[in-house]
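Participant: Whenever a hint applies, use it, and build me the whole structure from the sequences.
Protein chains: 2
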Amino acid sequence: MNEHPTTTIGLLHPGAMGSAVGASAVAAGAQVLWVSEDRSDASRARAEAAGLQDAHWLNGLVNQSHIILSICPPDAAVEVAESVRMLGYERIYVDCNAISPATARQVGEIVEHIGADFVDGGIIGGPPSADRPGATRLYLSGAEAPRVARYLKGGPLDVVVLDAPAGAASALKMAYAAWTKGTSALLAAIEALAIHEGVMDALEQEWAKSQPRLKAQSDGLGGSAAKAWRWVGEMEEIAATFEAAGLPGGFHEASAEVFRRLARFKDDPNAPGGPELAKHLLPG
Amino acid sequence: MNEHPTTTIGLLHPGAMGSAVGASAVAAGAQVLWVSEDRSDASRARAEAAGLQDAHWLNGLVNQSHIILSICPPDAAVEVAESVRMLGYERIYVDCNAISPATARQVGEIVEHIGADFVDGGIIGGPPSADRPGATRLYLSGAEAPRVARYLKGGPLDVVVLDAPAGAASALKMAYAAWTKGTSALLAAIEALAIHEGVMDALEQEWAKSQPRLKAQSDGLGGSAAKAWRWVGEMEEIAATFEAAGLPGGFHEASAEVFRRLARFKDDPNAPGGPELAKHLLPG
Chain A
1 MNEHPTTTIG LLHPGAMGSA VGASAVAAGA QVLWVSEDRS DASRARAEAA
51 GLQDAHWLNG LVNQSHIILS ICPPDAAVEV AESVRMLGYE RIYVDCNAIS
101 PATARQVGEI VEHIGADFVD GGIIGGPPSA DRPGATRLYL SGAEAPRVAR
151 YLKGGPLDVV VLDAPAGAAS ALKMAYAAWT KGTSALLAAI EALAIHEGVM
201 DALEQEWAKS QPRLKAQSDG LGGSAAKAWR WVGEMEEIAA TFEAAGLPGG
251 FHEASAEVFR RLARFKDDPN APGGPELAKH LLPG
Chain B
1 MNEHPTTTIG LLHPGAMGSA VGASAVAAGA QVLWVSEDRS DASRARAEAA
51 GLQDAHWLNG LVNQSHIILS ICPPDAAVEV AESVRMLGYE RIYVDCNAIS
101 PATARQVGEI VEHIGADFVD GGIIGGPPSA DRPGATRLYL SGAEAPRVAR
151 YLKGGPLDVV VLDAPAGAAS ALKMAYAAWT KGTSALLAAI EALAIHEGVM
201 DALEQEWAKS QPRLKAQSDG LGGSAAKAWR WVGEMEEIAA TFEAAGLPGG
251 FHEASAEVFR RLARFKDDPN APGGPELAKH LLPG
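Chains as they are written, first to last, in the numbering used here: chain A, 1 to 284; chain B, 1 to 284.
What the hints contain is simulated information worked out from the structure, not anything from laboratory work.
For each residue, glycine too, the CB sits at the ideal point set by N, CA and C.
Among these hints, one or two may not hold up.
Here are the simulated DSS-like cross-link-like pairs (lysine-lysine), alpha carbons at most 27 Å apart as the crow flies [as the list claims (entries may be wrong)]:
#1 B:266 - A:153
#2 A:279 - A:227
#3 A:215 - B:209
#4 B:227 - B:266
#5 B:279 - B:215
#6 B:153 - A:153
#7 B:215 - A:215
#8 B:279 - A:209
#9 B:215 - B:266
#10 A:209 - B:153
#11 B:209 - B:266
#12 A:209 - A:279
#13 A:227 - A:215
#14 B:209 - A:227
#15 A:215 - A:266
Here chain A is said to cover these stretches of chain B; the calculated rule only asks that three of the stretch's residues, wherever they fall, bring their Cβ under 8 Å from a Cβ of chain A [as the list claims (entries may be wrong)]:
#16 170-181
#17 195-203
#18 241-249
#19 254-264
#20 270-284
Facilitator: Structure follows, in structure tokens:
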């Protein structure tokens, strides 16, 4: 439990990741608010299960929160910041989304314009869970990062402060996901190619001899397909991060296209893995 | 030893891979010719060490060979076929290069135009060696593939016939290298990004926790840097193969750019691995 039992944290919004981070903050001793207006029944069920309290309207959450955590699909990060800006929030705003350092700095300018303190965040790992404490890390950077870390520490979410300005936590997230999700997209695309060329069986036999880990990795892609729709924007943010550094963005522009073609599996827990998934990447 | 002791194989040209494949064919009982005209002292040294016989001129090799093996950088595959076409070769021509199925079919048309039989090949693994018999595979496809396999089997090179038309062996090679070399390029680019953003140490610490294999993989990239110049063309062939299948070519267009920036390490056995290599990817 942290030493600030009356800390109130506003969470925008309780998706699978957001609700789990909220539950971790509750476990750490904070009061965590969410906003039910315009949210789905699934969001309500997740928020209630996580022990979050309904502020009903965004205005109420903004007025009561010492810290706002933005946890949403990357495409919505700027919009969420804009909605808070319009309500004149002046305390700490933490963007935890999978966005480029440049987009993070844009979010920072939006909330600093109204007098809020901006902290940059990046989450590595799945939704934190009491069953696997410390397996998910929230990286934070920016001047107020140590304060945010003190409020959030104590739950299953591991909180790590980078001694670096805002942008660093997002950069770390981009670099990390560039590998994990980029290689998933590449692997699926390679299998689609092998199917198209009629050499999938031969490729599997060669992999069995010389790349023995790839079969399991390929089979596991089915578990990711339900999230592919959400990764399109993340891959675009990674591509932009590479290009801004003078590095080729093509790996993740291609990854975005792969995940776009898998968007049909949104929230489908029974998506196939391996070549059964990969064949959906081939045009009509 | 194969059952055709008088088989003569023409090898164009004895680079690191070609000379080792030639040595394997010699071990299998064939006479293997090469052409010293216009080749370097390094080629001569490799050819002599591999037990190849110098035909001096391309015309002599073409006249004497029952089978010609083309083993060269992918950019030179068409040119080598053209040089043979001009001399009117009429027996079996095997392209073993890392080229797209479309380029392989183009090579096939060139040599079939003069009455030769075309066999498509793809090599997976490093140069074959008596120390590691069977660790490198030559895949073959096309009508005459079984005959070529009979002539080449018996040395350290494993020879596998695909029951598929010309193009299949090249497609398998493209799909295989798309992973091995594409992930090498991606890993180096990610490290360059992390260096640019000042988060390389944080990334290494996160990888140590959740991606423990990546450090060794990254350190090992130094051993590949000397070959990066040769992989630019291979990555371009892979990108073209993806695009021809209606799949995004960006992974390997980006990989080609990464290897292009590492071309300065050509034939340098002391290239660094890890972030020391990756920093060379960043613009000026």
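Participant: Run every hint past the structure and note whether it holds.
Facilitator: Comparing the hints with the structure gives:
With a C-alpha separation of about 50 Å, the suggested pair residue 266 (chain B) and residue 153 (chain A) falls outside the 27 Å cut-off, and the hint is violated. For the proposed pair residue 279 (chain A) and residue 227 (chain A), the alpha carbon gap of about 18 Å is at most 27 Å, so the pair holds. With a CA separation close to 23 Å, the supplied pair residue 215 (chain A) and residue 209 (chain B) stays within the 27 Å bound. With a C-alpha separation of about 6 Å, the suggested pair residue 227 (chain B) and residue 266 (chain B) falls inside the 27 Å cut-off, and the hint holds.
Our distance criterion of 27 Å between C-alpha atoms is met by residue 279 (chain B) and residue 215 (chain B), whose separation comes to about 16 Å. Distance check on the hinted pair: residue 153 (chain B) and residue 153 (chain A) sit about 64 Å apart at the alpha-carbon level, beyond 27 Å; violated. At most 27 Å may separate the alpha-carbon atoms for a hinted pair to count; residue 215 (chain B) and residue 215 (chain A) meet this at roughly 22 Å. Only pairs whose Cα atoms come within 27 Å are accepted, and residue 279 (chain B) paired with residue 209 (chain A) is rejected, the gap being roughly 33 Å.
A threshold of 27 Å between alpha carbons decides the hint, and for residue 215 (chain B) with residue 266 (chain B) the separation of about 23 Å falls inside it, so the pair holds. Of the pairs offered as hints, the one joining residue 209 (chain A) and residue 153 (chain B) holds, with about 19 Å between alpha carbons and a cut-off of 27 Å not exceeded. Note on residue 209 (chain B) and residue 266 (chain B): the hinted pairing is violated, with a Cα-Cα distance of about 34 Å set against a maximum of 27 Å. Restraint check for residue 209 (chain A) and residue 279 (chain A): satisfied, since their Cα atoms lie roughly 23 Å apart, inside the 27 Å limit.
Between residue 227 (chain A) and residue 215 (chain A) the CA atoms are separated by roughly 21 Å; this keeps the pair inside 27 Å, and the hint holds. At roughly 24 Å between alpha-carbon atoms, residue 209 (chain B) and residue 227 (chain A) fall within 27 Å of each other, so this suggested pair holds. This hinted pair checks out: residue 215 (chain A) and residue 266 (chain A) have alpha carbons roughly 23 Å apart, not beyond 27 Å. Three residues within the 8 Å Cβ limit are the bar, and the stretch 170-181 of chain B against chain A gives 8, so the coverage statement holds.
Residues of the stretch 195-203 of chain B lying with their CB closer than 8 Å to a CB of chain A number 6, which satisfies the three-residue condition for coverage. Taking a C-beta to C-beta cut-off of 8 Å, the stretch 241-249 of chain B contributes 7 residues in contact with chain A, enough for the three needed, and the coverage statement holds. Check on the stretch 254-264 of chain B: 4 of its residues sit with their Cβ under 8 Å from a Cβ of chain A, so the three-residue criterion for coverage holds. Coverage of the stretch 270-284 of chain B by chain A holds. Counting CB-CB distances below 8 Å, 3 residues qualify, and the rule asks for three or more.
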